[in-house]
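Once you've looked at the hints, dock chain B against the given chain A.
Number of protein chains: 2
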Amino acid sequence: MSSTILRFTAESTTNGVRERDFTVGGVPGVLWSPAVGPERAPLVLMGHGGGNHKKHPAMTGRARRLVLGCGYHVAVLDAPGHGDRPRSEHDEAEIAVMQEAMAAGKPVGPIVVRYNDHLAELSLPEWQSTLDALQRLPEIGADGPVGYWGINMGTAIGIPFVAVEPRITAAVFGQHWPDTLADKARRITIPVEYDLQWDDEHISREAGLALFDAFASKEKTLHANAGRHKELPRFEADSAVRFFARHFGRANAGAA
Amino acid sequence: MSSTILRFTAESTTNGVRERDFTVGGVPGVLWSPAVGPERAPLVLMGHGGGNHKKHPAMTGRARRLVLGCGYHVAVLDAPGHGDRPRSEHDEAEIAVMQEAMAAGKPVGPIVVRYNDHLAELSLPEWQSTLDALQRLPEIGADGPVGYWGINMGTAIGIPFVAVEPRITAAVFGQHWPDTLADKARRITIPVEYDLQWDDEHISREAGLALFDAFASKEKTLHANAGRHKELPRFEADSAVRFFARHFGRANAGAA
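Those sequence lines, one after another, are chains A and B.
The numbering of the first sequence is numbering that gives the first Met the number 0, which starts it at 0 and goes up by one.
The numbering of the second sequence is numbering that gives the first Met the number 0, which starts it at 0 and goes up by one.
Calculated directly from the structure, the hints in this document are not laboratory data.
Among these hints, one or two may not hold up.
Here are the simulated DMTMM-like cross-link-like pairs (lysine to aspartate or glutamate), alpha carbons at most 25 Å apart as the crow flies [as the list claims (entries may be wrong)]:
hint : chain 1 : residue 1 : chain 2 : residue 2
1    : A       : 217       : B       : 230
2    : B       : 217       : A       : 142
3    : A       : 217       : B       : 218
4    : A       : 229       : B       : 218
Bound conformation, chain A alone (with noise of 0.2 Å):
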């Protein structure tokens, strides 16, 4: 484990579930837990969607279904140029270089997945700092079950992590292209779920297959939903909590 250290910035509660901000070498992230829980109980990271951040309500909704239904902690990172961090000169260029595509009607797929990889070229060891730093706290600790879900650039960022990570043994991924992190799910071996969007405009469905199929796991479901690449329906996210929940066990059963 590194010495990186977490610092908390801020503390809240509402509603049964209590928010910590926190720094982890210069990393803004958020930690939610239960206001009144178990001494110790497991951890999911979450990663955030392209252009968003680390409390867009995509997020805070999945943790409190996550803190209040099953009694774990969330942890979220601000990733590279997003949230509170600020916008290197590449991301800049790389984000008006999107707009245009998108001003012109052309496909954005291979600027994102240019982006999204050199994004989590960088998020990487910042994960393994946060993590290392998050099992040193008591609630948390060194040996209980660590789970990530991203969807969109959460995977982009979240596959090459989790192929590295022992420690996280369960996931939900979905909607990114396979052309830089097919053969990163080839190492991965543990239980997944993977939502694509039957129609989406972006990822075509060979693509969005092709990644679901690169996963070594064992067990591993494909949720696909007719739609556009926004219309993720909701009921996914309730569905993702009790993969979870699966795995991981309950200890707060009921809420969610």
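Chain B only, in chain A's frame:
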């Protein structure tokens, strides 16, 4: 509605579930209901798999989840040539051809497709009469939600039935070939959950995905799990129960 009459032939109650055997026009079926429950509740019709029957453990287990978890009524018929029903010469001949193909390691798909299509044709009017008769029971009624749940042969019989039966408003299908079914699936617009096995040794991925693709439903979800034909995970039964609970409401929350 037809005038075919439902006759109850046996009744018992075990662990909160009331089980009533019945016949409609000579076809034997079973109706599971809450032992103590609301005056009216939704009905789920279930189709069993090839070679088994109305009280196969897969049927009784799913029925218990729907009755105890949701407070629903659940009905299953013995398919033609199955369970308590005599086999015709045609049944015997098709089963012999199927067993020969299996013993010789030849593909059984074309035989299963042809035989199940024949059974579906016989079953369709039986299911319609049964639904007419069940809806005359005061605890079901003519205007309540009706679902259909059948995998394998239950899908071969269910898709043609649901395609022409407007009373059914949500369905779970899975694990069949598209040959005779895709055209009928194209007429189905209700919410569908569809199970397939990613490593099915009988049904190719291409064939399985083609049948899912054929449904015209705006809401449809594919659940594809790693594993062979008979390895459909148990958690897909829980998922199907939640699918019906999401669409029909949950009279009796908590137990599923």
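Hints and how they fare:
{"no.": "1", "hint": "217/A / 230/B", "verdict": "holds, 12 Å"}
{"no.": "2", "hint": "217/B / 142/A", "verdict": "violated, 44 Å"}
{"no.": "3", "hint": "217/A / 218/B", "verdict": "violated, 28 Å"}
{"no.": "4", "hint": "229/A / 218/B", "verdict": "holds, 15 Å"}
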